[in-house]
Every structure is written in structure tokens, then in C-alpha cells.
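Keeping the supplied structure of chain X fixed, place chain Z upon it in accordance with the hints.
First to last, the sequence lines map onto chains X and Z.
Taken in order, the first sequence gives residues 18 to 130; the numbers are from the working numbering.
Taken in order, the second sequence gives residues 526 to 638; the numbers are from the working numbering.
Just so you know, these hints were derived from the structure itself, not from any lab.
Worth double-checking, as some hints may not be accurate.
Subject to a maximum C-alpha distance of 20 Å in a straight line, what follows is the list of computed EDC-like cross-link-like pairs (lysine to aspartate or glutamate) [as the list claims (entries may be wrong)]:
#, chain 1, residue 1, chain 2, residue 2
1, Z, K593, Z, D542
2, Z, K583, X, D117
3, Z, K593, Z, E564
4, Z, K582, X, D117
Remember, predicted model here, so these are calculated numbers, not experimental data.
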Amino acid sequence: KAGVTQTPRYLIKTRGQQVTLSCSPISGHRSVSWYQQTPGQGLQFLFEYFSETQRNKGNFPGRFSGRQFSNSRSEMNVSTLELGDSALYLCASSSRDITDTQYFGPGTRLTVL
Amino acid sequence: GENVEQHPSTLSVQEGDSAVIKCTYSDSASNYFPWYKQELGKGPQLIIDIRSNVGEKKDQRIAVTLNKTAKHFSLHITETQPEDSAVYFCAATLYNQGGKLIFGQGTELSVKP
Numbered sequence: 018k019a020g021v022t023q024t025p026r027y028l029i030k031t032r033g034q035q036v037t038l039s040c041s042p043i044s045g046h047r048s049v050s051w052y053q054q055t056p057g058q059g060l061q062f063l064f065e066y067f068s069e070t071q072r073n074k075g076n077f078p079g080r081f082s083g084r085q086f087s088n089s090r091s092e093m094n095v096s097t098l099e100l101g102d103s104a105l106y107l108c109a110s111s112s113r114d115i116t117d118t119q120y121f122g123p124g125t126r127l128t129v130l
Numbered sequence: 526g527e528n529v530e531q532h533p534s535t536l537s538v539q540e541g542d543s544a545v546i547k548c549t550y551s552d553s554a555s556n557y558f559p560w561y562k563q564e565l566g567k568g569p570q571l572i573i574d575i576r577s578n579v580g581e582k583k584d585q586r587i588a589v590t591l592n593k594t595a596k597h598f599s600l601h602i603t604e605t606q607p608e609d610s611a612v613y614f615c616a617a618t619l620y621n622q623g624g625k626l627i628f629g630q631g632t633e634l635s636v637k638p
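Next comes chain X alone, as it looks inside the complex:
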């Protein structure tokens, strides 16, 4: 069974640009969650999607958004990038909800210059 895949693995952007990250969950998984990981703030929850609906959202500004498609693949978008958005963005999938085993992808390393 293929694991969670995230594309791209690395991204370099400049301030003010926008970026879209992609996540393909494990086949059959319907819940996809996104996390931001930084040395200073650690792992922080961004949002969770289930069956194309956002079920929960963390404390991030509206510049961070996401969506989920009918095949459970998910994208997250960050608009008007700031230097502080530089981070590892992790996607995790589970079969039903966040208390099922969460399988994480390798992450997308975003650098904002």
C-alpha cells in the first residue's frame, strides 16, 4: 500500500507570492489533515478535511486555505507569503478521523525569501 505522498518536496518562493501544496492520502483514507512544523513553534494544526468538507481549523490567518477533492486528494494554499511562513508542511491521512492512526507524508519544505 502506497504511503502519503506530498508534492513538491521543496519550494522556494519570495515574499508576496502564493503557493499551492498537494497531498495524496493513502488509498481508502478519507480524512486529510495539514500541519505546519517550525523549529520555534513546533507542530501546529492547520486544518482537517473529510469528504471534501473542512471539519476543523487551527489558529492560522485566512491566508492559509485548503480544499479536498472527491478522490480525497487535498491541496493547501498560502497567499501573500511572509518570511515566517517558511516551514515544513506536513499532510497526514487517516481512515475516518483524527483519532484513527494518522499516517504522515514526508512533507513539503517551503522557503520564503
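Same frame as chain X, now just chain Z:
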């Protein structure tokens, strides 16, 4: 909201010794507590979890204990091996549809051969 504190931030042990990592949580309603291991360049991997109706759970060399009254839970690794070296994260959440995982700050474990 929920807050999770994790100690120590770094831990160095000799191969064969035991390692203990402790976490405290603030929301008494939290009822699901997973532990993750993250190796360099990879996403977090679930190693063990415990629900609030259980006080202890063991899986080979790894065990987790939960004290609901004191609102703390601990990870115990016995007979440590060099391949146990990684960053370990605890997390807490309320079992609810779309609940979000709140992570501790992580513990960097180093097992010296």
C-alpha cells in the same frame, strides 16, 4: 484551548538503558494521546497511543502510561538501541469528529552505542 508541555527537550542515554519522556496537558476533556517518532527528513510516525479509558499500554520495548487526575502521560522506552535516536512528540486531542492534535514541543533522543 488545549496546551501540551513536553520534557525534557533533549535526552541522551547509553545503549541498553531506559528512556522516559513526560507530557502534561491542560484540557481535562482530552481523551486520546498518541506518540510520534520523527527521523531526519521524514514525517512523524505513530509509535503508540493511549485512550483515556486505559491507564497503561505496552508494545514490546515501548510503553505509555496515563494519569488522568494529574493530566500527564509518559513514554517509556526500554533497552534502547541506536536506531531509537530521533525526535519524539506527544500529542493530545478530544475524541470528537474533526478533533485536532495538539503536539508537545518534542524531545530529541540520542542513544549512544
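The hints, checked one at a time:
1. The suggested pairing of K593 of chain Z with D542 of chain Z is violated, with an alpha-carbon distance near 27 Å, which exceeds 20 Å.
2. For the hint linking K583 of chain Z to D117 of chain X, the alpha-carbon distance of about 18 Å falls within 20 Å, and the restraint holds.
3. Of the pairs offered as hints, the one joining K593 of chain Z and E564 of chain Z is violated, with about 29 Å between alpha carbons and a cut-off of 20 Å exceeded.
4. Proposed proximity of K582 of chain Z and D117 of chain X is supported: the alpha carbons are some 16 Å apart, at most 20 Å.
Of the hints listed earlier, those the structure fails to meet are numbers 1, 3, in rising order.
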